[in-house]
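Using the hints provided, position chain B relative to the given structure of chain A.
Top to bottom, those sequences are chains A and B. Its first residue numbered -5, the first sequence is counted upward by one per residue in this note's numbering. Its first residue numbered -5, the second sequence is counted upward by one per residue in this note's numbering.
Hints are computed from structural coordinates only; laboratory data are not their basis. Among the hints, erroneous ones may be present.
Copies of the same chain look alike in the list, so a pair counts if it fits in one copy or across any two.
To be verified - The list that follows gives simulated cross-link-like pairs (lysine-lysine, DSBU-like), each with its CA atoms no further than 30 Å apart:
(1) K327 - K387
(2) K387 - K323
(3) K318 - K387
Protein chains: 2
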Amino acid sequence: MFCDVRERGFGDRASMDEVLAWIDRYSRISETECIAVEQATGRFLAESFIAPSDVPRVDTAARDGYAVRSCETVGAGSYNPLPFSLQNPRNALRPFSAALVAAGMPLPLGADTVVPFDSANAEEKFINVILPVAQGEGVNRTGQNVQQEDVLISTSRPLRASDVGLISSFGVTEVWVVRRPRVRIIVAGSKCSVERKAIDANGPMLVPKILRDGGMIEAFTYGMDGVAELAGRISRPGADVVIVCGRTGTGPDDDAPVALATAGNVSIHGIAVHPGGSTGVGFVGQVPVLLLPGDPLECFCAYDLFAGRLIRNLSGRNPALPYKILQAKAGRKFVSSVGTTELCPVRLAGEEAFPLGAAGSADFVSIARADGFILVPETMEGYAPGTPVTVHKYDGFDEAESVL
Amino acid sequence: MFCDVRERGFGDRASMDEVLAWIDRYSRISETECIAVEQATGRFLAESFIAPSDVPRVDTAARDGYAVRSCETVGAGSYNPLPFSLQNPRNALRPFSAALVAAGMPLPLGADTVVPFDSANAEEKFINVILPVAQGEGVNRTGQNVQQEDVLISTSRPLRASDVGLISSFGVTEVWVVRRPRVRIIVAGSKCSVERKAIDANGPMLVPKILRDGGMIEAFTYGMDGVAELAGRISRPGADVVIVCGRTGTGPDDDAPVALATAGNVSIHGIAVHPGGSTGVGFVGQVPVLLLPGDPLECFCAYDLFAGRLIRNLSGRNPALPYKILQAKAGRKFVSSVGTTELCPVRLAGEEAFPLGAAGSADFVSIARADGFILVPETMEGYAPGTPVTVHKYDGFDEAESVL
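Extracted from the complex, chain A is given alone in its bound form (with noise of 0.2 Å):
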């Protein structure tokens, strides 16, 4: 039932926990894709990657050196060198005869050694062995490394670097992979600033946050020109998830909730968290959309906690908040109310988090000052000096660059 809070105020809210299964409800696998392997770093296969043939294929030298028959080398040494006749490697090998091979080459038919350079002095057409070699030294066996049919990859973690290394050492050059949620920003609310110039933190922060998360951008629109219009740049059909941000507060001009209302279904609009409390949840058809707040703490907040989630979910991702964790203390009192999940922006001083401004009152540029953030859950009133929190730690590697 969709309550109109304008110039009202909210009434009941959400809680975080319901907010959080509606999302995981609603966010289902998308579809797959079949994609060139060396763009595939980063991305979820669709299914494990099974490996097509032994690794080697067939007997490989695994160092440089003279390709021979072991038994050929018993009883050689410094005072007793066995001369080897040089013969091209690529045919098969010839009684005391030896190929020079580098390493990864096949060995010729016939040889189960290799002997390394400093065992054998070389001559022209020939060389001597100093040194008897032992049979597989220098030798990886066929399907030594993989047999074929052993899984290689799984599904559960996103290709690396070297993932896609090794799929292309197959001779693989495309993959299935989960494809990527295409997601829809209309920055709806931009407020004005003194010179009415609208300046829009949103929309900049919130693009590399949703390519963190495995989306990619559908559109990115700015401003909204009333309720009927906004309905119709929600409800196009092209998108998997549609994010609007601004206008969801109580506000005579907030009216993001109604537009969802009149495209589509609103199924929560107010959550017991702080920031983010005006964020709403519902559905177009098929595809959910998600109403952020448009002061830029709230929207980065709401983001992270809802709207992140559910791409993380839609792109095969885990779903978990995506910073390191730290176990630290209080460093001083956190205060937050009964009944409202707070996140506090902190800085950490060695093994202490220290709230960054007094309570409630953390504002946009807390977190550019903050180590990372706390979450006091709605059963508490915050925590005295000392206790054990749990930090989301914010750092360089966590969020990948914008490709936009």
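Below, chain B alone, put in the same frame as chain A:
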């Protein structure tokens, strides 16, 4: 002094520390460049970002509601509603008047507080205030969050999505950042497969690693047609770093060091590290050139340890290995040779790390199966079971997505 190792073998090898010192000595920060803020996530600022103005610039509504003079609400109650005429929020506030404001809007001149919707009853042209509101409530004061000239973002970490939002919120659209080093990749030595079709694992693997470390691809070419042609490709201007991949060993076709000696200088060839022992480093003019082994496991390790460090330095990043660190215990004996730094892929089970494969026999597939790796320093013969070890952990968030 360049020493040709083809068909002879390496004499002395340089220690890992010598090579790291060489890399740090010759990796100077690149120039800076001016880019659009929206594309700056993950980049490093050339200079700290200084607040160009106060935030907020003027007293601003911190919540939706009615801007009034607080002194005029004294005595208001549900049994003593005080009427205020509604007026345009752009005009200075008249006595006993109220202006509808949304969070983020400048307060009308004269207003010093915002009455929330639940503390007033709205009629058509006026409101009845039913609760007194203290001065400054619901108001963000000029400069409350940021004072002009405050240092907001330092040069010591990559820009986060939130920083991009924060910079944009000041109306700033471009920033000066450290230029990405332009990296030339020359895959000189693809080993031939059984079918004689060149299959390369290294090129597809190196590209996302270089992007992860902040570099960009200047050019990427395959194959080589002799020493002179490779020397020409190495010395062509336009790159900040040249990586040659393959043909670094002791085989008869291992011409990469000879080509570098022809084009410029070989500073080091042969490093006491395993895998990656045939790595070389040198220069052409001012441009550092790295020769990485062609075997994919050796290439992978040599990239991370040496080439990646150079690129991370040049892009302004932390030169350390870009993997999360975890303390574990050796679950089994780790075998290593004194005098050689050994990189051992490991699997984690609880708090224990297990080597993958027997000593020195790890292959490229073990990287796909590994949770991470440990480095056994050259002074150690390995680790007994139960010894504390530091694991560098591979995982999905370590590597940026390929944008090629």
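Identify every previously stated hint that the structure contradicts and give their numbers, smallest first.
Every hint satisfied by this model.
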